[in-house]
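Asker: Here are the chains, one letter per residue:
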Amino acid sequence: MFNARRLILAHFWIAIAAFLGALILGEWQMIVRSPLHAWVDNPEHYYRSLTAHGSAMGYVFPTLIAMGFGYAISVSALKRNLLGLRWAWVALALVVVGALAAMITVGLGRASVLYTFYPPLVGHAFYYLGIVLVVVGSWVWVVLLSLNLRAWRKEHPGVKVPLAMFANVAGAYLWAWTAVGAALEILLQILPVAFGWKTTIDAGLARVLFSWTLHAIVYFWLMPAYIAYYTIVPRAIGGRLYSDTMARFSFALFLVFAMPIGVHHLFADPMVGSGIKVMHTIFTGMVAVPTFLTVFTICASVELAARMRGGRGIIGWLGALPWKNPAMLAVAFSFVMLGLGGAGGLINMSYQLDSTVHNTQWITGHFHLIFAGAIVIMYFVIAYDLWPQLTGRALQSLSLMRLQLWLWFLGMMILTLPWHLSGLLGMPRRMAYFDYTHVATSPYAWTVIVSVLGGAMVLISGVLFVAILAKGHRTERVGVEPYRFSVALHEHATAPRALNGFAVWIALMVALTLVNYGFPIWQLSRIESTSVPAIYVGGDQ
Amino acid sequence: MTDHASRSPDAEAIASQFELGWGVLVGVIIALLLGMIVFTAVHWSSMPPSRVEVVEASTLHRTGEFVQDNLGTAVDATGRIVVRMLAAQYAFRPSCVVVPEGVPVTFRATSSDVVHGFQILGTNVNSMVVPGYVSTFEMTLHGVGERAMPCHEFCGVGHASMWARVRVLPWSKFQALSRAKRRTSCV
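Just so you know, the protein sequences line up as chains A and B, in that order.
For the first sequence, the numbering used here begins at 1 and goes up steadily by one.
For the second sequence, the numbering used here begins at 1 and goes up steadily by one.
Next comes chain B alone, as it looks inside the complex:
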């Protein structure tokens, strides 16, 4: 690039043209990415948890759906399977959850003290648990067996020992278990 060329107006026009071309390409890339996100969100209804649901954290233990006796996996009158879980420093209750394989399950969780979170290893089940709010989402787990479920948000000095388990059972075994007990778990 000589000084002569760098001063000519043609060179500048060419430079701008390349720049514009790149700008258009960037626009297309971003539009494509966002397009895929919107498409999968709308078409597959694949999106993060959708609503803001609150709960009184200070009375969790004596009233409402997160009382001790109601935690664990329940099959309600319509056949819907609901897992209710309570997180507190430094354990989940129940510390072992039972779910049937290949069947949609609704998960509902909250915290009675600080912010927690969890993921079920080997799946994309991943949620924060914030005191005062209910985290709720649908999940379907595949593959019979036991999966680890660590707390993944710093919740105090004992955080690293806060691990729960999820046991995925064949449908028949799960049915037998849930017929025997109103709320099941594998603790």
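Just chain A, with the same shape it has in the complex:
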């Protein structure tokens, strides 16, 4: 891992610390709101925990995984030392200081506003400043990746950018632009109020700005997982990547279609008109395309691996796959969860169907299945795959790794499927307690208890994950081969010009965001009367 070994390890361990803390909070929330426990004595504690869980899992954990994995890709795909190593440490320091500031503020009960902020509720300024620092740190990472790619291009004129690096930088650019929506909300709307310079805030405009970030941030979380699908899995299971060009095309499409779709989170909101809503619906349909393409390419790559190992028949080849390999197991689990979660996503984005599930437990189930399920299980694969490179020691307990992945998969299914069901029964989200004796809400009781069990399995799996990685620091040193990425079935020396750079895709990304968000933002920022007094939470301002 060239000069970035310690840097990458630091990113992973801090990410994992945030992950483990948030996991424990999540299970605590599951228990106290279930019929197994008396009502939480102070609901503020529940929302405090929920804010910490969401902020750690949404802003800190995936950002650090993306950054650490991003540096790993940069050095091993470009085969050169990381340019700007010192700046990378500065970026990490910004993220850590920001995360601590935010978490301490939340822990003291001064910002129980949930990670989605919900102005005109306004918490202590340190919470928002902390989040801003995390984002600024990640923006330094974006610049560093971009500079490293530029330096490599200068040394290799006309050579095709390695797929892993192409996807990596695409993900970085996607994040840079994704974060702008929430950044505008925090800097222009919330912070002036949190500091007391202003006392009113337009909640409608804030929701529109946040929706710019809220959907595309999931694609930022998803990028490392997709990069692992394309560039780790085929190699790890002894196969080939079906198509390098299609992989590039999928990542380019994510850049274009991830942003101009966020209003599908606001179908039930009064401050956006039907025309804008239907436009965002159509673009949300488009963003399903790169995922469909990925499903094909990865399934075909996996089949190639099976046939290279002697697999035969229409279905029979499945038996020839290396199921004892954790990467194989994880990608299968990930696809099951991606399939179910993706189908749920198509329901959510369907203009009319959304009103049946909006703000119910269905939504909680949906994004946990996609993020905590399909995506995070690939983060595990990434960590397992990188660990020997980072420690110089082999991870020896394959059976423990398989157990960990099985527990995570089953736990996630047992956690999220009952959520989907109770959501269809109308169970609302974000409740600190429920009256399970009431005729309307008693049907939810058993689903909540089942979810508690799923959550417990997930927590055990998380602890196992940490144990496996920690143990990986103490095994014997082994000679480690240079890190490799998948090779395509039909490898070409060049890629189509548009798919070797980002200019076209970034232009489309910015233009489509401006087209789809320009009007609602312009319209709402012109109306003065919709600004309402802020409601400060967490004691004195």
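What the hints contain is simulated information worked out from the structure, not anything from laboratory work.
Where hints are given, some of them may not hold.
What the hints assert, rightly or not - Which residues of chain A face chain B? A few of them, derived with a C-beta cut under 7 Å, are: (1) Tyr118; (2) Ser243; (3) Asp269; (4) Ile276; (5) Arg430; (6) Ala488; (7) His490.
As the list claims (entries may be wrong) - Some, not all, of what chain B presents toward chain A, calculated at C-beta under 10 Å: (8) Glu12; (9) Leu25; (10) Ala41; (11) Met47; (12) Ala77; (13) Val134; (14) Glu138; (15) Thr140; (16) Gly143; (17) Val144; (18) Arg147; (19) Ala148; (20) Pro150; (21) Ser185; (22) Cys186; (23) Val187.
Nothing here was measured: the structure is a model prediction, and the numbers come from that model.
A virtual CB, placed ideally from N, CA and C, is assigned to each residue, including glycine.
Given the coordinates of chain A, assemble chain B onto it according to the supplied hints.
Answerer: Leaving out everything else, chain B in the frame of chain A:
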């Protein structure tokens, strides 16, 4: 797949052909889904609330349609039934709404403080309530009886206790009630 096969141009052409076929299938699936959405939106006029209507949140209590006396269910001169509701930390006003069964009702709601939302359990009535804006939509409820209506958007520490009710009455009972009072509710 031998190395020989993987290098032959024919194999690559076949691979691309399969890929293209899948691409076309994906296009058809997405077009079909969006087609259904557009069809139901246009043909059944089934779509989320349609317009951006604003209201001054700081003067709600003393002027306009959301003053205390005007909340609840009203039958206007043209026979249109309108429910007006105000959400505030941590209660809806009125906390129990009366509507007739099987008759279209216009719902108008806003908030006097933070963002709220509600759904009527067992139906697909589902709306956000944002201060400064009026949420308005049409609904028709079937089945006489009482339905729960929780706030479904985080609105502060008391959020979990913010539940209202909707009582669906037979048309005759509703008529009798609305003749007796200008604004009805079941509080």
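Asker: Quick check on the hint: serine 243(A) CB to chain B CB, less than 7 Å?
Answerer: holds (6 Å)
Asker: Is the hint on valine 187(B) kept, meaning its closest Cβ partner in chain A is under 10 Å away?
Answerer: Result: violated, 18 Å to nearest chain A Cβ.
Asker: Is the shortest C-beta separation between valine 134(B) and chain A less than 10 Å?
Answerer: With Cβ-Cβ at 6 Å, under 10 Å, it holds.
Asker: At a threshold of 10 Å, is the proposed contact between leucine 25(B) and chain A supported by beta-carbon distances?
Answerer: Holds, because the Cβ-Cβ distance from leucine 25(B) to chain A comes to roughly 8 Å (cut-off 10 Å).
Asker: Under 7 Å is the threshold here; is the Cβ of tyrosine 118(A) close enough to any Cβ of chain B for the hint to stand?
Answerer: holds (6 Å)
Asker: With 10 Å as the cut and Cβ atoms as the points, is glutamate 12(B) at the interface with chain A?
Answerer: With a minimum Cβ separation of about 5 Å from chain A (threshold 10 Å), the hint on glutamate 12(B) holds.
Asker: Quick check on the hint: histidine 490(A) CB to chain B CB, less than 7 Å?
Answerer: Hint on histidine 490(A): holds, closest Cβ of chain B at ~5 Å, below 7 Å.
Asker: Taking the least C-beta to C-beta distance, is arginine 147(B) closer than 10 Å to chain A?
Answerer: With a closest approach of 7 Å, the arginine 147(B) hint holds.
Asker: Hey, does the proline 150(B) contact hint survive, CB to chain A under 10 Å?
Answerer: holds (5 Å)
Asker: Min Cβ distance, serine 185(B) to chain A: is it shorter than 10 Å?
Answerer: The hint is violated - serine 185(B) has no Cβ within 10 Å of chain A, the shortest such distance being about 19 Å.
Asker: Closer than 10 Å between Cβ atoms is the bar; does alanine 41(B) clear it against chain A? Give me holds or violated.
Answerer: Holds, because the Cβ-Cβ distance from alanine 41(B) to chain A comes to roughly 6 Å (cut-off 10 Å).
Asker: Just to be careful: measuring from the Cβ of glutamate 138(B) to every Cβ in chain A, is the smallest value less than 10 Å?
Answerer: With a minimum Cβ separation of about 12 Å from chain A (threshold 10 Å), the hint on glutamate 138(B) is violated.
Hints 4, 6, 12, 14, 15, 16, 17, 21, 22 and 23 from the earlier list are contradicted by this structure; the remaining hints agree with it.
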